[in-house]
Amino acid sequence: MLKLMTSIGIAALISLTAVTGARAAGEAIELKSVSWQHGGLFGTYDRAAAQRGLQVYREVCAGCHGLGLVAFRTLSDLGFSEEEIKALAAESDYEDGPDGEGEMFERPGKPFDVFPSPFPNANAAKASNGGAYPVDLSLITKARANGDNYLYSLLTGYTDPPADFELAEGSNYNAYFPGHQIAMPSPLSEDAVEYADGTPATVDQMAKDVTVFLAWTAEPKMEERKSMGLKVIIFLLILAGLFYAVKRKVWSDLH
Amino acid sequence: MSFEPKNTAVKWVEDRLPIMGMLHHALYEYPTPKNLSYWWTFGSLAGVVLVIQIVTGIVLAMHYTPHVDMAFNSVEHIMRDVNYGWLMRYMHANGASMFFIVVYLHMFRGLYYGSYKAPRELLWWLGLVIFLLMMATAFMGYVLPWGQMSFWGATVITNLFSAIPVVGESIVSWLWGGFSVDNPTLNRFFSLHYLLPFVIVGVVILHIWALHTNGSNNPTGIEIKDGQDSIPFHPYYTVKDLFGLAIFLIFFSAFLFYAPNYMGHPDNYIPADPLVTPVHIVPEWYFLPFYAILRAVPDKLGGVLLMFGAIAVLFALPWLDKSRVRSARFRPIYKQVFWVFVLVCVALTYMGAQSADGNMVEFRGMVPVEINGVVQMKDGVVLMEEGITFALSNVLVSQLLTAYYFLHLLVLLPMIGLFERPRPLPASIAEDVLAKSPAKEEASNA
Ligand code: HEM
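So the sequence lines, in the order shown, correspond to chains L and V. Note that numbering that gives the first Met the number 0 has the first sequence beginning at 0, numbered continuously upward. Note that numbering that gives the first Met the number 0 has the second sequence beginning at 0, numbered continuously upward.
Hint data in this document are derived by calculation from the structure and do not stem from the laboratory.
Subject to a maximum C-alpha distance of 30 angstroms in a straight line, what follows is the list of computed DSS-like cross-link-like pairs (lysine-lysine): (1) V/Lys33 - L/Lys246; (2) V/Lys224 - L/Lys248; (3) V/Lys435 - L/Lys246.
Over 12 angstroms on every C-beta distance to chain L, these chain V residues come out as not near it, computed from the model: (4) His24; (5) Leu104; (6) Pro118; (7) Ser169; (8) Leu319; (9) Phe329; (10) Val345.
Every residue, glycine too, gets a C-beta built ideally from N, C-alpha and C.
Could you build all of it, start to finish, from the sequences and the hints given here?
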């Protein structure tokens with residue numbers, strides 16, 4: 000009888016773990032985990048990676064995704080010079096106006112402009128992408144749980160679907176996307192860009208670089224925040240020590 | 000030690016408006032029990048956080064645009080372009096969480112030491128009014144950045160009112176100012192979000208007035224008898240509170256500077272879209288226990304009533320608690336039940352974040368089939384087995400926890416008060432303090 004009970008118990012335990020595992024797989028599988036230079040308490044953005052990431056964004060992602068919250072001038076944070084920024088901005092034209100005659104006109108971009116949007120509006124974007132909307136990427140790493148690892152996993156997560164998986168028309172299999180079917184075709188392929196600094200443009204490298212760049216676009220003040228935090232906390236620790244000493248002193252005359 | 004101004008200008012004002020005397024009274028003459036622990040710091044901390052919220056909020060309002068097409072981007076403008084805008088916004092968003100942490104601890108303190116008992120019933124009530132106003136303020140504030148959770152949270156919560164019979168639907172469209180959460184809703188929420196904190200300030204003043212009328216409770220729960228029991232608020236508690244404040248600010252800073260989005264939801268960085276419903280709509284963490292109670296009831300109206308009931312019963316606490324003794328320190332049974340209640344509240348918070356249709360635990364196993372009550376076996380091996388599934392659903396867990404929440408407040412609290420035998424109370428606060436530090440006593444006599 001005891002033997003029977005234990006075997007039931009063990010069987011149940013095994014299937015219990017199986018159930019939890021299966022449930023997790025139904026939603027999304029565990030993300031690949033990268034140790035980012037900008038993670039941790041003192042982490043800063045890897046400037047070289049972010050600059051390469053900008054190139055990936057501009058040459059690959061910008062065809063479909065906007066970056067509407069990011070002004071060219073802020074690229075100086077990543078180490079771009081004023082001249083480089085002016086040149087980058089001037090590569091696209093912006094509608095402006097009306098002028099003195101009441102006419103709208105086109106002018107080259109200025110550093111205060113934000114990255115141009117690839118589509119005039121959301122419907123046009125959907126129409127060109129089989130009904131799926133390519134989101135603005137400015138905040139993407141903050142708009143997903145564990146965003147940096149999610150983005151990296153997503154970009155490197157395209158595989159053939161499992162044999163029993165039915166892929167809808169116009170969809171691509173990606174284990175990291177909720178539901179595993181994503182309308183975006185794998186955007187990165189070996190040597191999709193040619194890096195100026197000679198770094199080999201593997202899919203993995205480009206995915207990491209564009210993630211660093213997009214982590215910066217989502218949280219451009221992170222370095223300022225962390226360094227201020229350090230000063231504030233050191234100050235508060237000293238202050239707490241002082242208050243504690245004063246408190247001991249003031250209270251010492253009581254029993 | 001009454002206030003006698005020496006400066007003629009101060010005296011001139013004082014004769015016409017005795018405000019300095021009032022402050023002097025509150026700081027130097029207001030007798031405070033000498034044995035208050037750090038649990039008594041959270042009141043002043045809540046006051047500080049309220050000021051932080053108001054100051055950062057006013058700065059944010061200078062740059063924020065309450066319009067459905069611009070709100071999201073105006074918050075991002077604050078984060079990116081306004082000098083120290085990111086600091087203001089993260090202080091404000093995390094400050095709201097800090098406010099609730101501090102106030103929840105403050106409330107549990109009151110629960111443990113029986114601070115709501117006579118003659119402090121009104122003080123307790125005013126505290127609960129502040130709590131309700133805070134919830135309304137934070138709820139409307141969360142709508143302002145106009146992200147996905149802002150929009151859908153507002154939709155779900157305002158929709159609750161549709162459960163009210165007959166007039167429910169009309170009330171909801173009156174709240175919305177239209178037929179869905181839209182620009183008019185955002186505008187009125189901004190207006191009210193700006194207003195309510197100042198109403199809170201007003202109620203805080205009443206709260207402190209009521210406090211100063213009967214004085215602070217203390218860990219022994221017995222009243223001050225004479226000068227031996229009390230000390231002036233200043234400098235003793237000002238310096239103690241300042242130390243507490245510094246420690247609290249370190250805790251606040253850890254979140255503010257190193258995990259500013261930890262207590263938020265990633266979906267709120269997606270602009271609101273009325274056509275796309277998020278997979279899970281979850282409110283801010285501080286609403287989760289009430290959200291769990293709401294969802295524990297299958298009937299919408301029932302859920303809404305129970306959720307409001309969870310706060311309403313707190314108003315009746317002074318009369319539900321039948322104990323003659325205030326402090327749980329001298330109440331052996333209540334002391335333990337109190338911690339069970341705390342755990343249940345934490346568990347409710349946890350359940351509020353779980354999906355409504357999931358299971359807490361799923362248990363699948365094989366059991367032997369019985370025929371005529373006998374397990375069929377041959378050579379010690381079971382011949383027939385069948386699969387069983389036993390699942391403890393999230394809803395059931397929430398229901399049990401909700402039941403316990405009300406059981407504690409409506410049944411256990413009165414019953415324990417009637418039947419429990421409290422431990423003997425010290426004769427006075429001073430005696431209690433001495434009993435606790437004999438070494439110090441000797442040292443000061445020497
Ligand atoms: C009782 C005190 C207050 C509480 C608990 C509170 C709470 C909140 C919360 C939870 C948010 C959403 C934060 C986010 O996720 O971005 C918010 C936003 C906001 N609050 Fe308050 N608030 C308070 C006082 C004030 C005051 C006095 C003002 C001044 C007018 C104000 C102005 C704003 C503005 C403009 C926003 C939108 C900007 C933003 O989302 O960061 N708040 N508030």
